[in-house]
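S.K.: Top line first, the protein sequences correspond to chains A and B. Residue numbers for the first sequence follow the numbering used here, so the first one is 1 and each next one is one higher. Residue numbers for the second sequence follow the numbering used here, so the first one is 1 and each next one is one higher.
A hint or two may mislead.
Copies of the same chain look alike in the list, so a pair counts if it works inside one copy or between any two.
Computed cross-link-like contacts, SDA-like style, restricted to lysine to any residue with a CA-CA straight-line distance of at most 25 Å [claimed, not checked]: (1) 269 to 140; (2) 132 to 254; (3) 67 to 28; (4) 269 to 48; (5) 132 to 245; (6) 269 to 110; (7) 132 to 257; (8) 67 to 31; (9) 161 to 118; (10) 161 to 31; (11) 67 to 270.
Treat the hints as calculated values from the structure; they're not laboratory data.
2 protein chains.
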Amino acid sequence: MDQRPIGVFDSGLGGLTALRELRRILPREDLIYFGDTGRVPYGTKGRETILRYARQDVAFLRSFDLKAIVVACGTVSANALAELTAENDLPIFGVVEAAAQAAVRAASNGRVGLIGTSASIRSGAYEREIAKLDSAVAVTSRACPLFVPLVENGRFRPGDKVVELVVEEYLAPVKAAEVDALVLGCTHYPLLADAIGAFMGPGVALIDTGAVCAGHAAQTLGESGLLAERDRGFCRYFVSDSTQDFARLASVFLGETVRDSVERVEIEKY
Amino acid sequence: MDQRPIGVFDSGLGGLTALRELRRILPREDLIYFGDTGRVPYGTKGRETILRYARQDVAFLRSFDLKAIVVACGTVSANALAELTAENDLPIFGVVEAAAQAAVRAASNGRVGLIGTSASIRSGAYEREIAKLDSAVAVTSRACPLFVPLVENGRFRPGDKVVELVVEEYLAPVKAAEVDALVLGCTHYPLLADAIGAFMGPGVALIDTGAVCAGHAAQTLGESGLLAERDRGFCRYFVSDSTQDFARLASVFLGETVRDSVERVEIEKY
């Protein structure tokens, strides 16, 4: 048993899709979420910048006494997980490994699609992880740099013509490759799952990286006897931009009203 | 005569459209450009964050001995110019005043359109400046939050279906208001001028805020006897993200190959 909180972070609000799953499967855990809303997006930036920001995000979260950290950001997981793991003496869970496992399991025809930010796709991290599990799996990958701005601007509702056009443009080559499973390699993308699913068709399994990562973290902590025991855990939210709009936007990602406290952090100081 | 350089900054690369004009009309000036590419975009962030970033941008530029600063960013000009001017003892030129003057001159029917980032439109700064000049001018404004991500992702070339669809969506109410002039209230937008002009029609004057601001700064410095006298000035570039992609992207904004030095700045330290 370990009563300490789990830290969760993302470049912005996308990681809330992982937090949602953590709260569902581990309702007894205390959770501390940091969204770097003042510097979002990460996925269009260079690797060095992503690593610098990720180190600050972890340093801030570690100002609390945590038992583990979930990197609920595809871009950071794909570009900085090795460094963060080497530099910290607590378990750090990224989204890449769990998503690769889920994709290999789901792709019965040996063909997997992968979408993510420019920085995630450029890293080759998902492909490496999939090849480690099954080198016969063929991966068709595509960077989708407009998906995060669309989602962060609330553009994900069914019937949004811009979303439909962008989905078609990005995913046409992935669909043409006749993949069986598609890794949504960014925690923002589950909000576009309806549009993506409608384009790809019902035969393609969509892998929600935030959700599979949450499941993987929960299983590992459980096996190590590190889960908390209490009636219901709390959740505290921290962001680096204004807290004003956070509750409204976050409720969309979480699928429920945010009633917990939201505070602003000067993340540059960490 | 004043041989010191002029500092120019923007949230990212958009301000290069102003720099281009400064180099054209003031070829003898030394120019120092800072693009906060590690934290771009500003226009979706809160006012407090924008102000904090703008103060750091100015503090970095003032590590050089400058004669003036051009705020080549619509979002900072609309949200933080008063503070920056009050806190600094050198001339600071924003884009709002010059753009408002140009719009009032160009709008022979008394109807002006205004587009900008969410933070610029929310500020009401352009409307206030236009009302000061001519309270009878009617302004139809619209936030265009997807324009900056589109431009920063290189999506501005003629025939881009996503750009055409987004332009139509954002500008339909502005066109319906039968404006005579349209303020492109963000220095990224001149790259979308072809698509915007095609939708609005040939009768609508497009106000390039970066260019009119450059003209205004040049005129003011000239009248004060503060221009430089030399054969040809240099230009130095600084960015807060990787310098690697800068030259390629910047050449698109500048319309010429970047041959000058590009360096990275840790802007959080200022």
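S.K.: If a hint holds in the structure, say so; if it doesn't, say that too.
M.R.: Hint-by-hint comparison with the structure:
1. 269 to 140: Answer is neither; intra-copy 40 Å and inter-copy 41 Å both fail.
2. 132 to 254: neither (33 Å within a copy, 45 Å between copies)
3. 67 to 28: Within one copy only: 14 Å inside a chain, 60 Å across chains, cut-off 25 Å.
4. 269 to 48: both (18 Å within a copy, 16 Å between copies)
5. 132 to 245: For residue 132 and residue 245, neither the intra-copy (42 Å) nor the inter-copy (31 Å) Cα distance is at most 25 Å.
6. 269 to 110: neither (46 Å within a copy, 49 Å between copies)
7. 132 to 257: neither (40 Å within a copy, 43 Å between copies)
8. 67 to 31: Within one copy, since 10 Å is at most 25 Å while 50 Å is not.
9. 161 to 118: both (23 Å within a copy, 21 Å between copies)
10. 161 to 31: neither (37 Å within a copy, 43 Å between copies)
11. 67 to 270: within (20 Å within a copy, 34 Å between copies)
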